[in-house]
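Those sequence lines, one after another, are chains V and A. Per numbering that gives the first Met the number 0, the very first residue in the first sequence carries number 0; after that it's consecutive. Per numbering that gives the first Met the number 0, the very first residue in the second sequence carries number 0; after that it's consecutive.
Don't take each hint at face value.
Label-pair restraints from in silico Cβ distances [to be verified]:
id : chain 1 : residue 1 : chain 2 : residue 2 : range
1  : V       : Asn170    : A       : Arg291    : 43 to 49 Å
2  : A       : Gly661    : V       : Asp23     : 35 to 41 Å
3  : A       : Arg674    : V       : Gln234    : 44 to 50 Å
4  : A       : Lys10     : V       : Lys107    : 20 to 26 Å
A short list of chain A residues far from chain V (calculated; beta carbon distances all over 10 Å) [to be verified]:
id : residue
5  : Pro77
6  : Gln83
7  : Gln133
8  : Leu192
9  : Asn213
10 : Thr232
11 : Glu280
12 : Ile287
13 : Ala346
14 : Ala372
15 : Val373
16 : Leu376
17 : Glu514
18 : Gln590
No wet-lab data here; the hints were simulated from the structure. The C-beta atom is built at its ideal place from N, Cα and C for all residues, glycine as well.
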Amino acid sequence: MKVLMKVNNLCKNNILKDVSFSVDEGEMIAIMGPSGSGKSTLLYNVSGMDQADSGEVWLGDTEIVQLSEDDKARLRLTGMGFVFQQMNMLSNLNILDNILLPSVHADKSRAFHAKQKEKALQLMEQFGIRYLADRRITEVSGGQLQRACICRSMMLSPRILFADEPTGALNQTASEEVLRAFLRINAAGTTILMVTHDSRVAAKCQRILYILDGEIRGELTLGAYSEAEITNRQQKTADWLKMMGW
Amino acid sequence: MQVRLIKNDFKNNKLVTAAVICFMSVSAALMGLSVMLFGSLLNSIDRLMETAETPDFLQMHSGEIDISALNEFSASYPGVKKMQISTFLNLENGDLSLGEHSLADNTQDNGLCIQSSSFDYLLDLDGNRIRVSQGSVFVPICYRDEYDLKTGDPMRIGTQELTIAGFLRDSQMNSMMASSKRFLVNEQDYVRLKFLGDEEYLIEFKLQEGEDVNAFSTAYGDAGLPGNGPTITYPLIRLMNALSDGMMILVILLVSVVILVISILCIRYILLTSLEKDKREIGMMKAIGISRTDIHSLYFSKFLILSVIGALIGVLCALPVSIPMRRQMCNLYGMPENMGLIFLLSAAGILAVEGLILFSVHRTLKATDKLTAVEALYGIGRFENKKNRYLFIAVITAAVTALILIPQNIASTLASPRFVTYMGIGSSQIRIDIRQTDRIEEITGTILSDIKKDEQTNGAVLMETRSYRVMLEDGSEYSLLIENGDHSQYPVSYSEGSWPEGEDEIALSMLNASELGLGVGDYVTIRMGQNGTDKTVRCRICGIYSDITNGGKTAKARFEDDENSERPMWSVIYVTLKDPNEAASWTERYQDLVKSYDASIRVTDIANYVNAIYGQTITRIQKAAVLTMFSSALVLAVVVLLFIRLTIWQERNDCSLKKALGFISADIRISYLKRSAMYILTGMAAGVFLGLIPGQNLAGMLLGSLGASGFHFIIDPLRTFILVPLLIITVAASAAWISLKEIDRIKAYECCTGRE
Numbered sequence: 000m001k002v003l004m005k006v007n008n009l010c011k012n013n014i015l016k017d018v019s020f021s022v023d024e025g026e027m028i029a030i031m032g033p034s035g036s037g038k039s040t041l042l043y044n045v046s047g048m049d050q051a052d053s054g055e056v057w058l059g060d061t062e063i064v065q066l067s068e069d070d071k072a073r074l075r076l077t078g079m080g081f082v083f084q085q086m087n088m089l090s091n092l093n094i095l096d097n098i099l100l101p102s103v104h105a106d107k108s109r110a111f112h113a114k115q116k117e118k119a120l121q122l123m124e125q126f127g128i129r130y131l132a133d134r135r136i137t138e139v140s141g142g143q144l145q146r147a148c149i150c151r152s153m154m155l156s157p158r159i160l161f162a163d164e165p166t167g168a169l170n171q172t173a174s175e176e177v178l179r180a181f182l183r184i185n186a187a188g189t190t191i192l193m194v195t196h197d198s199r200v201a202a203k204c205q206r207i208l209y210i211l212d213g214e215i216r217g218e219l220t221l222g223a224y225s226e227a228e229i230t231n232r233q234q235k236t237a238d239w240l241k242m243m244g245w
Numbered sequence: 000m001q002v003r004l005i006k007n008d009f010k011n012n013k014l015v016t017a018a019v020i021c022f023m024s025v026s027a028a029l030m031g032l033s034v035m036l037f038g039s040l041l042n043s044i045d046r047l048m049e050t051a052e053t054p055d056f057l058q059m060h061s062g063e064i065d066i067s068a069l070n071e072f073s074a075s076y077p078g079v080k081k082m083q084i085s086t087f088l089n090l091e092n093g094d095l096s097l098g099e100h101s102l103a104d105n106t107q108d109n110g111l112c113i114q115s116s117s118f119d120y121l122l123d124l125d126g127n128r129i130r131v132s133q134g135s136v137f138v139p140i141c142y143r144d145e146y147d148l149k150t151g152d153p154m155r156i157g158t159q160e161l162t163i164a165g166f167l168r169d170s171q172m173n174s175m176m177a178s179s180k181r182f183l184v185n186e187q188d189y190v191r192l193k194f195l196g197d198e199e200y201l202i203e204f205k206l207q208e209g210e211d212v213n214a215f216s217t218a219y220g221d222a223g224l225p226g227n228g229p230t231i232t233y234p235l236i237r238l239m240n241a242l243s244d245g246m247m248i249l250v251i252l253l254v255s256v257v258i259l260v261i262s263i264l265c266i267r268y269i270l271l272t273s274l275e276k277d278k279r280e281i282g283m284m285k286a287i288g289i290s291r292t293d294i295h296s297l298y299f300s301k302f303l304i305l306s307v308i309g310a311l312i313g314v315l316c317a318l319p320v321s322i323p324m325r326r327q328m329c330n331l332y333g334m335p336e337n338m339g340l341i342f343l344l345s346a347a348g349i350l351a352v353e354g355l356i357l358f359s360v361h362r363t364l365k366a367t368d369k370l371t372a373v374e375a376l377y378g379i380g381r382f383e384n385k386k387n388r389y390l391f392i393a394v395i396t397a398a399v400t401a402l403i404l405i406p407q408n409i410a411s412t413l414a415s416p417r418f419v420t421y422m423g424i425g426s427s428q429i430r431i432d433i434r435q436t437d438r439i440e441e442i443t444g445t446i447l448s449d450i451k452k453d454e455q456t457n458g459a460v461l462m463e464t465r466s467y468r469v470m471l472e473d474g475s476e477y478s479l480l481i482e483n484g485d486h487s488q489y490p491v492s493y494s495e496g497s498w499p500e501g502e503d504e505i506a507l508s509m510l511n512a513s514e515l516g517l518g519v520g521d522y523v524t525i526r527m528g529q530n531g532t533d534k535t536v537r538c539r540i541c542g543i544y545s546d547i548t549n550g551g552k553t554a555k556a557r558f559e560d561d562e563n564s565e566r567p568m569w570s571v572i573y574v575t576l577k578d579p580n581e582a583a584s585w586t587e588r589y590q591d592l593v594k595s596y597d598a599s600i601r602v603t604d605i606a607n608y609v610n611a612i613y614g615q616t617i618t619r620i621q622k623a624a625v626l627t628m629f630s631s632a633l634v635l636a637v638v639v640l641l642f643i644r645l646t647i648w649q650e651r652n653d654c655s656l657k658k659a660l661g662f663i664s665a666d667i668r669i670s671y672l673k674r675s676a677m678y679i680l681t682g683m684a685a686g687v688f689l690g691l692i693p694g695q696n697l698a699g700m701l702l703g704s705l706g707a708s709g710f711h712f713i714i715d716p717l718r719t720f721i722l723v724p725l726l727i728i729t730v731a732a733s734a735a736w737i738s739l740k741e742i743d744r745i746k747a748y749e750c751c752t753g754r755e
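Could you put together the complete structure from these sequences and hints?
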């Protein structure tokens, strides 16, 4: 499979120490590790949200670390998608407008807007929140809001989607709804790099990277996900994590 | 979407939006008003002076006049364009009445004149040169409102009567600060009434374009031409015209600048608080790749819309307020020539104010650049420094207090009888001016001896003014009007040094000192005796004082009796009474008494004199002070209301937690009140200090333009230390109380829910 992202010797403030790994196109990877191990920092540095001290991050042919802040922002807008633990949305916009927000800033033409609005409604339909389009963000549940955030992240068809503890603030049911949404977009071909604490979430990924003290200490390949194997995958993940000292 | 975002933001943050609009409107209105008034005033004055062809140089002279010498000088000096000698028939105020009002208490030199032949025209209210028919008189416009006059009313001079045919604008003497007023009559009437007064000459010159009026003034003095009286130049006339209304406008301008600074600070505070509140949203926008420019533009466009609304409200407020103010100026100086341009300038002033505010917004928004997406998302780092939060309210309270106090203190200082000592007038109660008589020394001596015998008087001092030739150390020579006498008894205020103690000392007026380039400790040589030929005295400059009398160019000395010296040009006797309350009756008695002398003698109660000269200016400044007080109180109310509301907004979680732990709303309110009160009271104390000390220096700079240097506030303690602080406390406490009601709406469970 073709490599989409390649990280070489990435260092940041002693939190990340010579981290190297690669992500294939269409892959869904979980990054796991105890609190303070550096997993979120890794996510922010590979996505260009934070500036690494040294090392390289390649997304296709583009090296991200050397880009200017504006170029990084442009790349995040058009080539990456983000989902965070806190469902960050603009409180002065309704759900649909929040989903449309990246599109509005990517291309200001009317024709594009009309097309994107159509796409937003389709995505909302797909994730079961179409009827929430005109609601304010305070008028929906956490799971619904997180699904809206996933819709927003998919609006410009990113090459890779970064998720930082996307189910961390959700209850069991909402977590499963969100996870299903991730599996669906991954199945449609979007690469996902996700930070999680939840071994059940990680068990649905194709690969798990274990990070400790800023270094990648281990890697577990689970292969393509299928619902039928879920118990086996979860056991395998749990055993591996135990071995890693989790 | 941006429009929806902004609209919703306005809807959800009504208080903040209203506060920003309020700051922008008040700043715009005050600046617009200042520019509009300044523009109207200067344009009207320039138009009047141009139409009237005001002289560039004017020498007042009483006594004999050598017309041929003047003609010869005028022809030989290349810079002279035109010269004319006008006459002014100085009348006794006690003989004058306008309508039903006697001018006995009037402190101006009122007199008759005829229309000038080639320039310095007296104009009617439409700006046309007046032609007066026999039996009619045109009265200075400033008297129309003062004495409630109308066309057809009589003007009486002793037993003679003229009919008021209209009102005139005099480009030279329009301002109440000019000490003379000209009434225009027909030539036949002038000749007929000549016996009623003493004639003075106005030797007037129009100079070629670009000619240096100071050089001309020196050449005139050096030529030994008639100079028994003050000299006035075009810039001084323009200044005098501009001052009475100009002072009020300067105060408004000063206020508008301070309000603008306060507005910028407040809007910056509001913006930083909003950014702090929106930090996670900003982080999210940064994280998903929305560019810095787009994030800026989201906030900036909101403020841009508010600034347009603020500017429009500013214009709508400035226009009606300016109407009565401009009406007064138009009465005095006529309509400005180009109202369109003035409105345009005013609009430019408003745009500049809004531009400055937006520039500050733009700079503040740069704070979002420094914070990375990760920092913003996880609440690391702050846009606003929490420690400075309460300091901000103290700074604003201090600024507002100072702003209220400064115009109040300027007005109370101008209104105080002591203020005349900054104007070159001794600190006595009564002043007697004796002029235009060949027997000046004899008459003065008689009056002085009468006064000294008078049981009501406490003391009296005679000052005699003569013209002397003065040599500087570099050998150059000038003419100088020197007031000779004991200056220690009723001293003027000295900005530097003190009064002359002996014959070898001299004090100079500010204008003379700066023109001659002299300071305390320098030396000049005075030529004494007839024509300055007998002896010379080398004098050390012992003091510098400000003076607006006699063209501002005077000096004070204490020469011993000089038998050979020329007779004085004028004399002044300063008098104080044992009972100051008798000043009015004493003045009246002496006004009657001096009528028996064949001389121009004026007895003035100095309190009345101040009122006559500065009354108009004081009224204007008092108006400006009231305007300032209301604007400042409004600004303070908005700032306190907003500050407390924003603080609660930021500390909402803490308040909720306190409630969850069992605190009641009143407890939390009192803790906020205590904290705010401490800073507001500190700010107020600092404001009183600022209003008194640096405010005094600032006002000194303004009053320096009036000629008052070395200025100290003469304050009204009740107002400064009781009323203004009470106003500040009332406004701040009311605003705080209203704002703190928000605490009642905070629920105890809010702190337990993750999401607001």
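Hints versus structure:
Under the hint 43 to 49 Å, the C-beta atoms of Asn170 (chain V) and Arg291 (chain A), about 36 Å apart, miss the expected range. Taken as a hint, the range 35 to 41 Å is violated for the pair Gly661 (chain A) and Asp23 (chain V), whose Cβ atoms sit roughly 57 Å apart. At roughly 59 Å, the beta-carbon separation of Arg674 (chain A) and Gln234 (chain V) lies outside the given 44 to 50 Å, and the hint is violated. The hinted range of 20 to 26 Å is satisfied by Lys10 (chain A) and Lys107 (chain V), whose Cβ atoms lie roughly 25 Å apart.
Non-interface call for Pro77 (chain A) relative to chain V: holds, since the shortest CB-CB distance, roughly 68 Å, exceeds 10 Å. Listed as a non-interface residue, Gln83 (chain A) keeps its Cβ farther than 10 Å from every Cβ of chain V; the least gap is roughly 72 Å. Listed as a non-interface residue, Gln133 (chain A) keeps its Cβ farther than 10 Å from every Cβ of chain V; the least gap is roughly 80 Å. Chain V leaves Leu192 (chain A) outside its interface by the beta-carbon criterion, the shortest separation being 80 Å against a cut-off of 10 Å.
Even its closest Cβ contact with chain V, about 60 Å, leaves Asn213 (chain A) beyond 10 Å, as expected for a residue assigned away from the interface. Its beta-carbon lying about 62 Å from the closest one in chain V, Thr232 (chain A) satisfies the requirement of being farther than 10 Å from that chain. The claim that Glu280 (chain A) is not at the interface with chain V is violated, since a C-beta of that chain comes within 10 Å of its own (minimum 5 Å). For Ile287 (chain A), the shortest C-beta to C-beta distance to chain V comes to about 5 Å, within the 10 Å cut-off, and the non-interface label is violated.
Even its closest Cβ contact with chain V, about 32 Å, leaves Ala346 (chain A) beyond 10 Å, as expected for a residue assigned away from the interface. Distance check for Ala372 (chain A) against chain V: the nearest CB is about 4 Å away, which does not clear 10 Å, and the non-interface claim fails. The claim that Val373 (chain A) is not at the interface with chain V is violated, since a C-beta of that chain comes within 10 Å of its own (minimum 5 Å). Once the 10 Å rule is applied to beta carbons, Leu376 (chain A) is inconsistent with being away from chain V; the minimum gap is 7 Å.
Annotated as non-interface, Glu514 (chain A) keeps its C-beta farther than 10 Å from every C-beta of chain V; the closest such distance is 61 Å. With a cut of 10 Å on Cβ distances, Gln590 (chain A) stays outside the contact zone with chain V, its closest approach being about 76 Å.
Hint check: violations occur at hints 1, 2, 3, 11, 12, 14, 15, 16; the rest are consistent with the structure.
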